[in-house]
Amino acid sequence: MNFHHTSKGIRPFPIGYSAMSTERVNHDPPLFQIGSVKPFSNPIPAQAALPKILTIKAKLHPLKGDDKRTEIVMFRQGRSFTPYMLYQSKSDMGENGLYEGMQLLFESLIEGNLGADIPVNSVLFEKRFVTQGNITHTIRQDLIDKKVITTPPGTEHGKPVWGLGGYYKDSCSLDQIEQILFMPIIDGIKTEVFLIRASVWAKEGALSNPHAVLMEELSFSNLGGDIETGKVVLNVSIGVDENGNGHFQKYTSLAFKQNDPSSRCVEITFKKGENHAHRLPRA
Amino acid sequence: MKTYLFKTDHDNTCPVEDIKIFNLSISQRENETAFAKLVMRRDDVLSKVPLYASIVFEEQNGQKHLLFKGRRIGFPRQMSEHLAEIEYTSEPDDANRQLKSLAETLKQPLFYDELFLTPGDENPTNVLEARSDLFSWDRRFGNVTLSNLFDGNRIFDLSNDILSNSLKLSLGDTPLDSVTVEMSAEWIQKAEGQLNLFHQIAKRFPKRMINTLTPDQLVKQWPKVFDKIGPSASLKQSGYQVVQSKLKPFIPPTTGILDIYPTITPPITTLVDGQPESIRLKRSWFKGELWLYWHYFQKRREVVHFTLHQSSQLKGRIRARQKTLRLQLQSVENELVNSASSSFFISERGRQTIIHAIEIAKAHLAGSSRCIEIEFEVPLLSAVDITLNDSIHIKSDKIPGGEVTGKVTEYNFSITPSGAIARIRLGVAAGAKENSIDLLPKDEGYAQEDYCVENNQTCFMTPSGIRFKAYHNQTPKEGILNPDGLRLHDFIKRVDVKGDAESQCRYLYENGYPARENTLGCLSEIPTVIDVELLDLRTKDRLEHHIHLDGLGTWSAPRQIDL
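The listed protein sequences derive, respectively, from chains A and B. Take the first sequence: its letters are residues 0 to 282, numbered as in numbering that gives the first Met the number 0. Take the second sequence: its letters are residues 0 to 562, numbered as in numbering that gives the first Met the number 0.
Don't read these hints as lab results, they were simulated from the structure. Hints may be right or wrong, so weigh each one.
[As the list claims (entries may be wrong)] Which bits of chain B does chain A cover? Going by a derived footprint, with three or more residues having C-beta under 8 Å, they are:
(1) 73–87
(2) 237–250
(3) 275–283
(4) 392–402
(5) 410–420
[Claimed, not checked] Non-contacting residues of chain A with respect to chain B, defined by C-beta distances greater than 12 Å in every case (computed):
(6) K67
(7) S121
(8) T268
Everything numeric in this text was worked out from a predicted model, so none of it was measured. The C-beta atom is built at its ideal place from N, Cα and C for all residues, glycine as well.
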């Protein structure tokens, strides 16, 4: 065995590693542009961007107060008649006409793009009804110490009328959601009440009773009428200006549709109104 | 004096009877095993010579010396009517195993480096590349050892044994004046990552949020996922690509008068149906993200240059001879500090290769440094034990300086009916120094390099004691040197925004009604445009960096003769 190849310089050195060229790995300048002249379309004024008509789905939310003990007692010529427990009536109007209010809660947007979300269950509209508290109503028609004591005072033969509450029951029409009134009457030895819808009162008076006297200020419109007469208002934000003032587009209710009365849902259509501005509170 | 042939089996040695050796020649040169040629009777050669044999020389006083042990090779040659010649080699049957075993012990750091070898090359001689040593086979015992070029294990003084007129002194190959090394390493520097540009763009807008009166154009042209970044007329091979992208309009917080984010413009007058009308435009605000993946793969080639000089007594007296070694390392990609490194040699591992290369250069100088050849004859009895692993000292007035110590490079033992003579050749180094700095303790390698401080400069030192100055200030200059250390702001070279909402608004006031009827149409002249320039990641065929080692010491072989 010869080992001449160990002599220095005789044996060639091995060929080492050659890395591949990287000339074509990155060869363009790292420049880019976002946005340019083309294509271009005219911007739309902020308020013009909102739709003329909006349709939303809302949900009825009746407000029922606590159980109350309200007595109605008639006195006539020194004689009292058996009190009537106002909110324990078993009649349809007596049982369902005791709500303190009715809210319309936002469910969803059906038609129209506002560019922003309205929170679900936000209150769009609240209709309040007049109810009676935990009191005893005493209705007198007496002559005491040669003085005539009447209810209401100074009304000879006057028939007082108060608000019982709002009417609502499942599957009822929005037109039926309205104020219920009551008028105390004497039935034999008992005090009784006569119940009447506000719309009927407004239309016919107190059943042609010229002595009926309305004891409280209350609304005679029903919920459906309120919607149709534009009482439900939606203020959609257009934006905030350079001074921090909020600009809003007003939408007023125009019509409603109850596709399924048992669902408590109602579709409400709004029309675009005027826009307005006001200072926003600081966040 | 008699010469005997013994049959050498596994555990059994017995003389071959009735055999006569007429002539015997045993010779060996460095890097070779020994050969024995025997001239015997033709019939003996054909019938009696064993396959494995030992040759024993017996003095007249009966003392026996083992001269050779080996295996028969080839067929009888020079056959005449009565005589024939047969040849034996001292190469043992397990030569390869022995060689590998010895080589394994020599794979020591700084003296052995696989980056210098072809992958898979298991040649044992690789371990000698950086050493001033050779493998040496013993002709009598068949073992291999490491033998230094200059110093044998033993020194014999044969001054009084040299046969008259046999001493010859000659000049062999001219020693190398210097060895110049160019050692290169190649790798692909690799780095990649991701960055989110969105906030860098947004903060160039008023209120540090993207806002515009022309959102449609901005949204349409906002980069999409997988988009490559680059000028529109290019292949967009810039090294950047969109991996996440979002541009989402949102309503900024209402914070009153302190910090207002208006979502509509002040009133702007334009003609509507021929009548001037005050309108407000929507000012759109955006949030989002724009994540880019980036990569930088750059081929790098780094070359270390140095020249190691040799000082010799012949310097200036003979024509200088230089040598250049070009060493190309194997792949260093797994040896880098990290894959993004822009330098290999400026690292601890790189320094190890430099030290190894210096040792290789030194080994080349050493290999050429035994330029004086001395040849002489002595009675065989005086040299019967001499091997290639020995040095011989001679004093003679025929030698310049009167004496010399040389390493045995070749010998021939000749036994004929007329006598027994040993002819020996020595290799002698004419170094300039009394003691070479190459004098390492035998069988002790340095585990790692050392360093020293000279003239307030850090120097490194090879195991052979060759110094070189620290070179770590010779860092690469081209390309991205430390891509792993890049931060977001390093990538952003320029972000220009033109036509933000406030600029657009001002433009409408200055150029709209009454100067022009269609105030809103003026917006086409000032769209929102974002210009971005990022860190240039363009790569080149390769980036080459050169490191020059300074302050390299001069190496000298031992001064074995005074010329």
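> Does the structure break any of the earlier hints, and which numbers would those be?
Replying inline: 1, 4 and 5
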